[in-house]
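Chain by chain, the residues run as shown.
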Amino acid sequence: MDRNNFEEHVSAYIDNELSKEDRKSFEELLESDSECREIYNGMNQLVQKISSLPKLETDANFRVKLNRQIDNYEKSNISIVSKLKRLLLPDNILAKPAIGLSISCAAVVIIFYMSFNSTSDNSGLVLTPSDSEDEIYYSNIDSTDTEQYENDIELTKGVDERE
Amino acid sequence: MRKDYSKYEDEELIKIVQKGDRNAFNELVVRYESKILNFINGYMNNFEMSQDLAQDTFYKIWKNADKYQPIAKFKTWAYTIAKNCALTEYRKIKRRKTYAFSQLSRDDHEFTLERLQGEENRELSNDSETVQQIRWAISQLPGDFREIIILKDIQEHSYDEISSITGLALGTVKSRINRGRQKIKEIIEQNRRDS
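Chains as they are written, first to last, in our numbering: chain D, 1 to 163; chain V, 1001 to 1195.
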């Protein structure tokens, strides 16, 4: 440290943030150079003034107001959830005879239909490739594939004839 | 029985807050209410407004507790929220002032400017060079310096702590503290010359 960079270290010296070595050379400069002393004194006075500023304290109602604000937030949060619940799942949905009876009937019909389909002839449920599916299949084959397909048929024919 | 949270670390407390524990949250409020208030006041230089913003900061901490990640210190996270609250309000006020000012005629501009400057200077000279003047000078610092000066000289954090709160390198913290204090001196001297 020298006279040129002395000023950069003034705050760190005041805040006790200099290394032992730097502190020593700072103090040497402070003793030998009156201009350095002046810079240091000016800064030191300012730092004392700033740190002696009275600290602000929150007033007595701060926590009360904050907790009230959080209570309101929590209440509104809970009420949104409960409103949604009420909308989607009314508490006494099964207690209302009309709704309860309708749901039960619907369930019975669905179960009856499913069990009937699984025990009866499955022919109605078996899917057979239709003409339209063939069309889709062939339309997806490009010209080279078609030629290859025809060649394969020709070769197969030959084999059959040879056999 | 109510738990005694006073021996818990901040990071342990916020984890408990994440489960919805209000007592753990209140312990954090007790620890930080004054620090956050003073930190915000460094930006606003207005007690009432700063207190409202401090309340807002804690409200946001409660609402967003689940977003806190233990990779950062709670202190860093809380100050970041406080800083955002303060800056948002600070910009709003600035915009409002600019808008209101732009609505005046040219004569009004000159009158208002003189009046405002006169009032400000009177206010400072009444309390000559003390509390009000220094607070005002701090609030006039450019943002980067202001934050560091508040953390060092008002909150009394060490250089290491400031570095961890702000995410700045130790060398940057050191030079900003020094330059920030020099700037405060300059602002006070400039104000004295102007008045």
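Because the hints were derived from the structure by calculation, they are not lab data.
Some hints could be false.
Unchecked claim - Lysine to aspartate or glutamate pairs mimicking EDC-like chemistry, simulated, CA-CA at most 16 Å apart:
| hint | chain 1 | residue 1 | chain 2 | residue 2 |
| --- | --- | --- | --- | --- |
| 1 | V | K1073 | V | D1052 |
| 2 | V | K1073 | V | E1048 |
| 3 | D | K49 | V | E1156 |
| 4 | V | K1185 | D | E28 |
Said to hold, decoys possible - Computed footprint of chain D on chain V, listed as stretches where at least three residues anywhere in the stretch have a Cβ under 8 Å from a Cβ of chain D:
| hint | region |
| --- | --- |
| 5 | 1080-1089 |
| 6 | 1173-1183 |
Backbone N, C-alpha and C fix where the C-beta goes; we use that ideal spot for every residue, glycine too.
Here is what the structure says about each hint:
1. For the hint pairing K1073 of chain V with D1052 of chain V, the CA-to-CA distance comes to about 24 Å; that exceeds 16 Å, so the pair is violated.
2. Between K1073 of chain V and E1048 of chain V the CA atoms are separated by roughly 28 Å; this puts the pair beyond 16 Å, and the hint is violated.
3. About 13 Å separates the Cα atoms of K49 of chain D and E1156 of chain V, which keeps this hinted pair within 16 Å; it holds.
4. For the hint pairing K1185 of chain V with E28 of chain D, the CA-to-CA distance comes to about 25 Å; that exceeds 16 Å, so the pair is violated.
5. Check on the region 1080-1089 of chain V: 0 of its residues sit with their Cβ under 8 Å from a Cβ of chain D, so the three-residue criterion for coverage is violated.
6. For the region 1173-1183 of chain V, the stated coverage by chain D holds: 6 residues have a C-beta nearer than 8 Å to a C-beta of that chain, and at least 3 were required.
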